[in-house]
Structures are given as C-alpha cells and as structure tokens.
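Peer 1: Spelled out from the first residue to the last, the chains are:
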Amino acid sequence: MNVDVQTLIPLFVAVPLGMSLLVQLLARHRHVLAEVLTIITLLLLALMSCYSVGHSGIYHLGGWPTPVGIDMRLDALATLLLLAVNIVGLAVSLYSVDYMRRFTARSHFHSLFLLMVTGMNGVILAGDLFNLYVFLEVAAIASYSLVAFGCAHEELEASFKYIVLGSLSSALILTGVALVYGITGTLNLAYIAARIAETGRDTPLLLAFGLFICGFSFKAALVPFHAWLPDAHPAAPAPVSAMLSGVLIKAIGVYVLARLAFNVFGITDNELSLLRWLGLLSMVAGGLLATGQKDIKRLFAYSSISQVGFMVLGLGLGTPLGLVGGLYHLVNHAFFKSLLFLNAGSVEYATGTRKLKHLGGLNRQLPVTAATSLVGSMSIAGIPPFSGFWSKLIIVLACIESGYYGFATAAVLVSIVTLAYQLKVQRMAFFSALPETLKGLRREPPMMAVAMILLALGCIALSFAVLTGLREPWLISAAQQILTAGIFGD
Amino acid sequence: MNASRKLREEGTGMGITVKTVTRWLKGPILLFGIYLVLYGHITPGGGFGGGVVIACSFILITLASGERAALSLFSKNVTSRLDSAGLLIFLALGWLGTAWAGAYFYSNFITTPEAAQFTLLSGGIMPMANIALGLKVASALFLVFTLLSAFKIVERELEDLPDPADQQQEGES
Amino acid sequence: MIYSLCLLLILIGLYGVVVSRQTLKIVISLLIMNHGVHLLLLLIGYREAGSPPIVDPSISIAEFAAGAVDPLPQALVLTSIVIGLGVLALMVALCVRLYERYGTFDVTEIRRLRG
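Note that the protein sequences, when read in sequence, are chains A, B and C.
367 is the number of the first residue of the first sequence in the numbering used here; add one for each residue after it.
4 is the number of the first residue of the second sequence in the numbering used here; add one for each residue after it.
161 is the number of the first residue of the third sequence in the numbering used here; add one for each residue after it.
No wet-lab data here; the hints were simulated from the structure.
Note that the Cβ used here is the ideal one computed from N, Cα and C, for glycine as well.
Any given hint could be a false lead.
Derived DEER-like restraints, expressed as beta-carbon distance ranges [unchecked claim]: (1) Glu208/C - Leu779/A: 54 to 62 Å; (2) Trp430/A - Thr46/B: 17 to 25 Å; (3) Arg467/A - Ile19/B: 50 to 58 Å; (4) Lys721/A - Val24/B: 58 to 66 Å; (5) Lys721/A - Phe35/B: 52 to 60 Å.
Reference excerpt, derived from the structure (chain B facing chain C, CB under 10 Å, subset only) [stated by the list, open to error]: (6) Ile45; (7) Thr46; (8) Val55; (9) Val140; (10) Leu144; (11) Phe148; (12) Leu151.
Produce the complete structure using the sequences and hints provided.
Peer 2: Laid out in structure tokens, this is it:
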C-alpha cells in the first residue's frame, strides 16, 4: 500500500483527537469499547510512525503558503520521537486495560490518554512556534488530570504541585514566544531561523532564548527545575507514570530544547556549556538522591532525572558523536524507563505496596515482571550488550573526544551509582527471601504481561541499532544530522 | 416550560429582583452570544468570545435561580455530549478539506464570489467552524461551572480526618 | 517603558506564587502572571495611532496594512486566554478536592510527600 507521507502528517494529530472525542461521546459507560478504541488508535499510530521512517516533508495546513500559514514538519528527528511515543503508548494502553480495572470512570482515563498522545504528536510535528505552545499545553493539561486520576491524598497533592510549576513554566515559555515574535515578526520556525541568522543574536533574543531554556527545563525536569517530578511520577497510576517518565518529559522537554537550540536559534559555546552543566548537575543530583529512596517508584523517578541529565550532557557536547549519544539515550530511556515503571505497577498491583522493605522474593511469584525488570535494569545500568551500555559508552567517548575529562569521569561514576540503585531494587524486590505476607500472589494478568514483554523486546531490539556502526546507529544518525545541519534550510 | 417556571419560583437562588431581571435579560444575552458567533468572520468575536457569552446566559440562570433551573434546560449528560460533538464537527470540517476538495486539512474549499464579500454568507468554512467552536466553548464553560458549583464545602471536625503524622511514621519518604 | 510594566505584573504574579500560603491565592497569582504575559503579547502588536484590524470595503489593502494594528497577537492572546481558562478550572477543582481530603487550604499543611 503506497500512501503519500504528506497525507499522513496531520493524521498523527487528528486521529487520536477524534478518537478521544468519540470515546467521550460513545463509550462513556461502555468501558470495553473505550479500551478497544484506544488500543486500535495507538496501533494505527504506531504503524503510521513505522511507515514514516525515511520520509520527510512539510505540510501546509489549509493550503496557505509558508509565511502566512501554519506548517507541520516531518524529518528524521521527528520520526525518531514519533516511533518512541507511539510504540510506548501502544504498550501502555495494552497494560492499562487490566491495571485500571479497579478505578471507576475508565473511559475518562482513555480519553485523557489519547489527548496526551495528541499533544505529544503535535509538539513533535510542529513547524510553528505558537502551534508548538498550544499542543504543549494540550499534553500538559491532560497529564495534570491523569496524575490526579485516582483522587487519593498523594495524587492530589502531587498534581497540585505539578500544575503550579507547569503553569509557571508555560507562562515563561509564552513570554519567550512573545519576545521572539516581537523581534522577528514571524512565528514559523524556519523563518525565525532565517531572520536570526540575518540579524544576529542581540540581547532581547538572548533573553527569549534564556526564557525558553528555563521553561523547557521545567518540562524536562532538569535540576534545579525538577521539584515536581519526584512527587508527580510516583503518585500517578502506573501506566500514567510510564508515559510521563518515558515519553512526556522528553517529547515536550528535551526534544523541543534540542530543536530550538540547534535548529532555530543556533547554538554557541556559552549555551552549550550551560547545557553541559545542567546535565551534569541533573545526573549527579538525581543519581545520588535515588540511592536513598525507600519507595520503588520514587527511586525510578529520581533515576529519570539522572538519565535526562545524561541526555542533556550528550546534547550539550555539540559534536556529532555527542548528539548521537544523547538521542540514542533518549530513545533507550523511553523504552526501559517505561518498562521499569510498568514493572513497579505490576508489583504494586500484585502486592499492594510500593515500599522496598516490605517486598521480596518476587522472582517466583511474578515471573514475567521479574524477567522484564531484569532486562530493564541491565539496560539502564549500562551492562553490555544491552542498549543502555552503548548509549552511555557513546556519551563518555564523546566527552573524552571533546576533551572534557571531568564530565566523562562524572558520567562513568554516575553509571556506577545507577548500577548500585538498580541492584538495590532487584535485590530487595525480586531476589531476596519471600516474606510471609506475600505468599500466594496471583500472577500478572495477561495484557500486562504482553505489554511488558513488548517493551522488553523493544529494549533488546534497540541494542541492535549499533550494528550499523558505533558512530552511526541505524535511525539515530539521520536524526543527529538534522541537528548538526544547524539552522533550518528553507 | 412549566417545570422550569416552578423551579424558578422555589426558594433557591437569589431574591425576586434578580430573578425578574434575569428572566428579561437571559434571552437578549443568548441572542447576543449567537450574534457574535454567527458574524465572527466579519466583525470581532468568533467562536471563543461568542461561546463565552452564550455560557454566561446559562450561568446567569444558575446564579439567579439555582442550578436545577439551568440543568432542567440542558442536563449535564446532554451538555457533555454537545461538547464532544462540537469539537468533532470542527475536526470533520478540517477533514472535509482533504476528502472533498483533495487539498489540505482546513483548506477553505468553499469560495465566495467577489460580490458576496463582507456579507453574512461569505468566508467559506469559517462560519461553520465558528458555530462548532461556539457550541464547544459554551457547553464546556457551562459544564465546568455546574460541576464546580456542585462541591458543597461542609465544615467538619478536623479530628475526623486521618492523622497525617501516623502515616509518616512508616517511613513515608 | 510599557513593556517593563508588563514585566512588573509578571513578577508580581511570580512573587504571589512563591509567597502565598493558601492554594487559592497561588491560583490567583498564577492568573495575574498569565494576564501580564498576555498584556505583553498584545502590546507587541501595537502601532501608534493605528486603526483596528477590521477590513472595510472602502479601504485598499495596502493602506490597511500600513495603518492597522497587528491582528496576529490578538488571535494568540485569545487562544492563550482559553488555555488559561482550562487550566484555571482544573486548578480550582484540585483545590476543592484537596480541601475535602486534607481539610485545609494551607499549603504548609499539605505536605505528605517528602524526601
């Protein structure tokens, strides 16, 4: 079937939006219909993302030519992120069929979930600055509601903290958009890039860029803007945590930061060094804070902060190898962190607790969870030949190649700390002796097992990406070239 | 209409002056909102502003006569379905741009003749988009107001609530 | 000069978010911050002695483009106001639910999550 990729581009946004409304309209009380519609939508989106590998294009909404109208661009970087978002979304929607059975109002969950996927797809494909802001808000508002979904004490408190900090950062981003519009007179990303290349970057543009870095660092949870993440991600239901930690902070945080820094504003040494230091701070702070946690999901949340630090360090190096490392780690982390959060959710589903000291010996009781969490832990800790090892190796090599021996040493040390806390989770939750209270647990329901196995296979498949060469992993080198090409061509 | 008149005269809502003035004004306010939506492509206004004014007329009824009077006109279920339907119509308009005219999403496939510019029946798909948006915004705002006003905060003894200090002893961190 | 007043409004909102002890006051301060940003965005489109951006059949397009205020920031602010409305509704609903659970509007007492 040969479909022109141009027609697919708006469907990435229109299909989940339409399905979300259909779920609200038709399946309000028929939860099974809602689940089926969600899974079909995400399967369709995943297939569309796989089809768009290797293609690119610009779609003019409404047929209006470029400076007047709103564009949506698809290039290799967008394809990479779309694959990550939609495949992880498919796995999470399969998982949430069984996990959400104990909640009421399940159809609202699926509706909000599809809205969040709409927002993320819209941010990834946006070619216009204000369109990016609107889809960012759509995804963010859906995620605020999803974090508070269970309406228990901690979920409400975490969601309140998240929504206040999220609104603050959105106001900062809108101020940046206002300043950029005032100076360049256009909102189209390619035209902004051209104007900035002509006029140079004087002070108001630097202020706008600084505001963007602050605002998107809030969304990406870089230290010192991370305060909402350790509360929001554990308190949310497990499928929501997996989506938030796995794809949301990257699609609306790290990706937009990279896009604006490299393709629109044009990055200089000062800003690269700022990104490197932010990355280093996040890596170290997240890693050290994760070792002392007693709650399994809170540990994974701090670990997310640390891994985002790795990504931003890789992006902040600016060299092609560094960009490859950062992007590869982004995709890897999407898969293995979602897998780890789904495992934590499965543990909580079976045992009813998240505290590590009450768990133990789940290797026999929950075999699928144990096996997939072993795959996930080894990936994130960087044990060869899993995917995490390759991405961290590339980042360390890129640091050494650029001459930053201090950053490379820190990266290696934080990897060791990552291994330490992952081993702590594995030992305390899975390998130790089974306490009396946990005998005779049910196994995981089949849909949850299918979802976890899907993500584990994805992790293993990603480690084969380096087969085309360490400097040019399969899809990621194309994405990296988009970033190193500098300001947008047309 | 008799049921809503009875509800309006019960002991809910505000005093008799407010109720009388509301009874006169809710029609013109609703009409003004519809005018803003329909003429949105020629004069300032459009879906958002017009939708807010339409919602305001319903909110006025809620404030003056209690929420049961407003809900008897449009129940929560109906409003919620109108909400989703409004946005679906907007999406369908966009999709028609590709399906019918073979062009892009949201392309303006209805052209207006030169003589008909600046009149009501001009502007291509924009009036329909405005109507869909007005429907969506009005029903969404009314629904938000009704649902938020359904929370009745009752003063409770604070001893009835679970003590946070107990849970923290378990090493909540 | 006018832009620095907008910035002052944004900073007042930010101060309110940081200092307020009650959840509803935090919500109102966020609203003030949003108002400041919208004002900034609107004023960027302003032109001295400009006419409203409504096309009249009697004016030519070139005259209109030279004399009218920029209409794009007005559309951006309209969209942003509606987004802010959605977030406001969600925040107020959260505040009310928090009161139901914790019994207080005071942020210093809603501190179960720590560490």
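Peer 1: All hints, please: hold or fail.
Peer 2: Hints, one by one, checked against the model:
For the pair Glu208/C and Leu779/A, the supplied restraint of 54 to 62 Å holds, since their beta-carbon distance comes to about 59 Å. Under the hint 17 to 25 Å, the C-beta atoms of Trp430/A and Thr46/B, about 22 Å apart, fit the expected range. About 52 Å separates the C-beta atoms of Arg467/A and Ile19/B, a value consistent with the hinted range of 50 to 58 Å. The hint said 58 to 66 Å for the Cβ distance between Lys721/A and Val24/B, and at roughly 60 Å that hint holds.
With their beta carbons about 59 Å apart, Lys721/A and Phe35/B fall inside the hinted range of 52 to 60 Å. This hint holds: Ile45/B has a C-beta 8 Å from the nearest C-beta of chain C, less than the 10 Å allowed. About 7 Å separates the beta-carbon of Thr46/B from the nearest beta-carbon of chain C, less than 10 Å, and the hint is met. Against a cut-off of 10 Å between C-beta atoms, the interface hint on Val55/B holds, since the closest Cβ of chain C lies about 9 Å away.
For the restraint placing Val140/B at the interface with chain C, the shortest Cβ-Cβ distance is roughly 7 Å, inside the 10 Å limit, so the hint holds. Taking 10 Å as the C-beta cut-off, the interface hint given for Leu144/B holds, the closest approach to chain C being about 8 Å. Interface restraint check: Phe148/B against chain C, minimum CB-CB distance 9 Å, threshold 10 Å, status holds. For Leu151/B, the interface hint holds, the least distance from its beta-carbon to any beta-carbon of chain C being 6 Å, beneath 10 Å.
The structure agrees with every numbered hint stated previously.
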